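So the protein sequences, as listed, match chains A and B.
So the first sequence is residues 281 to 537, counted in my numbering.
So the second sequence is residues 102 to 409, counted in my numbering.
Bear in mind the hints are in silico, worked out from the structure with no lab data behind them.
Be aware that a few hints might be false.
[As the list claims (entries may be wrong)] Facing chain A, a subset of chain B residues (Cβ under 8 Å, in silico): (1) Ser160; (2) Ala163; (3) Ala344; (4) Val393.
Quick caveat: nothing in here was measured; it's all calculated off a predicted structure.
From the three backbone atoms N, C-alpha and C, an ideal C-beta is built for every residue, glycine too.
Take a look at the letters that make up each chain.
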Amino acid sequence: MRILRAIALAIACAASAPAAAERIVSSVSTHQVMITSDFSGLDLVLFGTVERDAATVPRKSGYDLVVTVSGPKESIVTRRKDRVIGIWVNAESRTFIDVPSYLAVMSTRPIEDLVSIDTARRLQLGLRRTLLPQQIGPDLGDTGGDDPFRVAFLRLKTAKHLYVEQVTGVTFLTPALFRATIPLPAEVPVGTYDIDLKLFADGVNIARANSAFEVVKVGFEQFVATSAQSNGVLYGLATVSLALMTGWFASVVFRRD
Amino acid sequence: MEIYLPIADLPVNVFLILGMGLTVGFVSGMFGIGGGFLMTPLLIFVGVTPAVAVATVASHIAASSFSGVLSYWRRRALDIALATILLIGGILGTGAGVWLFTLLRRIGQLDITIGLSYVLLLTTVGGLMVWESVGAIIRARSGKRAELRRPGSHTWIHGLPFKMRFKTSRLYISVVPVLGIGLIIGFIGAIMGIGGGFLLVPMLIYLLRVPTSVVIGTSMVLTLVTMAMATVMHAATNHLVDAVLALILMLGGVVGAQFGARAGQKMPADRLRLLLGVLVVAVGVRFAIDLVLPPSEEYSIRSMDRAP
Numbered sequence: 281m282r283i284l285r286a287i288a289l290a291i292a293c294a295a296s297a298p299a300a301a302e303r304i305v306s307s308v309s310t311h312q313v314m315i316t317s318d319f320s321g322l323d324l325v326l327f328g329t330v331e332r333d334a335a336t337v338p339r340k341s342g343y344d345l346v347v348t349v350s351g352p353k354e355s356i357v358t359r360r361k362d363r364v365i366g367i368w369v370n371a372e373s374r375t376f377i378d379v380p381s382y383l384a385v386m387s388t389r390p391i392e393d394l395v396s397i398d399t400a401r402r403l404q405l406g407l408r409r410t411l412l413p414q415q416i417g418p419d420l421g422d423t424g425g426d427d428p429f430r431v432a433f434l435r436l437k438t439a440k441h442l443y444v445e446q447v448t449g450v451t452f453l454t455p456a457l458f459r460a461t462i463p464l465p466a467e468v469p470v471g472t473y474d475i476d477l478k479l480f481a482d483g484v485n486i487a488r489a490n491s492a493f494e495v496v497k498v499g500f501e502q503f504v505a506t507s508a509q510s511n512g513v514l515y516g517l518a519t520v521s522l523a524l525m526t527g528w529f530a531s532v533v534f535r536r537d
Numbered sequence: 102m103e104i105y106l107p108i109a110d111l112p113v114n115v116f117l118i119l120g121m122g123l124t125v126g127f128v129s130g131m132f133g134i135g136g137g138f139l140m141t142p143l144l145i146f147v148g149v150t151p152a153v154a155v156a157t158v159a160s161h162i163a164a165s166s167f168s169g170v171l172s173y174w175r176r177r178a179l180d181i182a183l184a185t186i187l188l189i190g191g192i193l194g195t196g197a198g199v200w201l202f203t204l205l206r207r208i209g210q211l212d213i214t215i216g217l218s219y220v221l222l223l224t225t226v227g228g229l230m231v232w233e234s235v236g237a238i239i240r241a242r243s244g245k246r247a248e249l250r251r252p253g254s255h256t257w258i259h260g261l262p263f264k265m266r267f268k269t270s271r272l273y274i275s276v277v278p279v280l281g282i283g284l285i286i287g288f289i290g291a292i293m294g295i296g297g298g299f300l301l302v303p304m305l306i307y308l309l310r311v312p313t314s315v316v317i318g319t320s321m322v323l324t325l326v327t328m329a330m331a332t333v334m335h336a337a338t339n340h341l342v343d344a345v346l347a348l349i350l351m352l353g354g355v356v357g358a359q360f361g362a363r364a365g366q367k368m369p370a371d372r373l374r375l376l377l378g379v380l381v382v383a384v385g386v387r388f389a390i391d392l393v394l395p396p397s398e399e400y401s402i403r404s405m406d407r408a409p
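Take the sequences, apply the hints, and build the full model.
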C-alpha cells in the first residue's frame with residue numbers, strides 16, 4: 281500500500297515537472313520493526329531505482345540522492361548545568377517543540393557539494409539545517425546554527441545514535457539503482473517513521489518520493505509498557521504481588537527453622 | 102544475554118543485573134538491611150535514569166523485606182502495635198515523598214535532589230556509624246565494658262503526650278515520635294529509593310529504646326509496607342516502575358541475601374557495623390564527587406512525552 285502511494289506520489293511529482301521525467305521507486309526491507317525482548321538495534325535496508333522514460337533528458341553528471349528519515353515528533357527539554365555554591369545543578373533550559381525523536385540524513389555525497397547552500401537550507405537537508413523550533417517566550421522559533429542549546433541538543437541526540445548523518449550513506453549500485461541503510465539504535469522510539477527521498481541532478485531537485493515504516497513494541501515488552509502507561513495502579517499492584525511472591529518463595533526455599 | 106527493558110527503554114545484560122542483585126542481596130543479608138542505598142546508585146551507574154532506578158528499587162526492596170518479615174514473624178520477633186503506628190506515619194510520608202518526586206521531576210531538579218540527599222544522608226549516617234563502631238572496638242580492645250544505657254533512663258521524648266503501651270517492646274511512650282519517625286522514613290524512602298532500614302534501626306534503638314530482639318523485624322514491616330506503597334504510587338503517578346528490571350533484581354537479591362546472612366553471622370557485631378558504616382560513607386562520597394567535579398557534559402536532554 282505504502283509503495284503504491286509512494287509510486288503515485290512520484291508520478292505526481294514527475295507530472296508537475298515535465299522536463300524531468302525521472303521518478304523514484306523505493307522500498308524498505310521491512311515496514312514494521314518489532315521491538316522484542318532481545319532487540320538491540322537494527323539496520324533497515326532501503327533500496328530503490330530511478331526510473332526514466334524516453335522523454336527524459338540525459339544527465340551527464342549522474343544522480344545524487346538525499347534520504348531523510350524522521351521519527352515520531354516529541355518535545356524535548358535541554359538543560360544546562362551551572363555551578364551554584366560549588367555544585368553542578370541544572371540551571372537554564374530550552375524546550376524544543378515537536379522535533380523528530382529520530383532523524384537520519386543519508387546522502388551520496390556531502391550535501392555542500394551537492395547543492396547550493398540556499399537550496400540545502402530551503403529543503404532542510406542535513407541535521408544542521410533541519411528546523412528545530414524552540415519555545416521562545418510565547419512564540420516558537422528556530423535560533424539557527426550557533427545557539428549553544430541547539431548545538432548541544434544535536435550533539436546529545438547524535439551521541440545516542442538517535443540523530444545520524446552519513447554523507448556517503450546512499451550508494452548507487454548502477455546509474456539507476458540505489459541502496460541505503462537506516463541504522464536504528466536499541467533505544468529507538470516507537471511510532472511511525474517517514475522516509476523522504478530527494479533526487480538531485482546538477483544541483484537541482486528533480487524528483488521526490490515518500491515512504492514510511494513503523495516501530496512497534498510487541499509481545500511481553502508491549503504488554504508491560506502499555507499497562508504501565510494506561511493502568512498505572514493495577515500495574516503497580518501487580519509488581520508488588522510479584523515482589524511479595526518472590527520474597528515468600530525465597531523464605532520457603534531457604535527456610536532453616 | 103541482552104534483554105530490552107520496557108520502561109527504562111534500554112537493553113541490558115541479564116547477568117550483569119542478576120549479578121548486581123546477588124551482590125546487593127549479599128550485602129543486605131549480611132547487615133540486615135534492604136540495600137536500596139546501594140542498588141539505586143548501581144542502576145544509575147549502568148545507565149538507568151535516576152527516576153526509573155528509584156521507582157524500580159522500591160519493588161525490589163519490598164521483595165527482600167517480605168522474606169525477612171516472614172522469617173521474623175515465624176519467630177514472633179516483631180512488635181505489631183509499634184509497626185502499625187510507624188506505618189501510619191510511613192504511608193503519609195511516602196505519599197508526600199512521591200508527590201515531591203513528581204514535582205521535582207517536572208521542574209528538572211530530581212537528579213540533583215537525589216544526588217544531594219545521598220551525599221548528606223549517607224556521609225552523616227555512615228560517619229556516625231564508623232565513629233560509634235570504632236569507639237566500641239577500642240573499648241573492647243582495652244578491656245572496658247561497653248556502657249549500657251539503663252532501660253529506665255528518660256529523655257525529652259518520654260515527656261511527649263499521647264502515650265501508648267507497646268506490650269511486645271515493653272515500652273510506654275508517646276505516639277508522636279513514632280509517627281514522626283515513620284513519616285521521615287517513608288518520605289526519604291520514596292525520594293531516594295531506599296527502604297531506610299539503616300536509618301530506622303538506630304532511630305528505634307537510640308530514640309525509642311526498642312529492644313534489639315524485635316527491632317529488625319519491626320523495621321522490616323515498615324520497610325515492606327512503605328516500599329510496596331511507593332511502588333504502587335510511583336507506578337500510578339510517574340509510570341516509571343520497570344517490572345522486568347525489578348524481577349531480575351529480586352531474583353538475584355533474595356538468593357544473595359541468604360548467603361549474606363550466613364556470612365554476617367560469622368562476624369562480630371561491632372566489626373560488622375564498622376564495615377557497613379564505611380560502605381555507606383563510600384557511596385555518599387561517590388555521589389559528592391559527581392556533584393562537585395565539572396561534568397563531562399554540561400547539557401542534558403529529556404523527552405517531555407515519553408516516560409524516562
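Against the structure, the hints:
Because the smallest distance between the Cβ of Ser160 (chain B) and any Cβ of chain A comes to about 5 Å, under 8 Å, the interface hint for this residue holds. Because the closest C-beta pair between Ala163 (chain B) and chain A is about 4 Å apart, less than 8 Å, the hint holds. At its closest, the beta carbon of Ala344 (chain B) sits 5 Å from a beta carbon of chain A; the interface hint therefore holds under the 8 Å criterion. The interface hint given for Val393 (chain B) holds, since its Cβ lies 6 Å from the closest Cβ of chain A, which is under the 8 Å cut-off.
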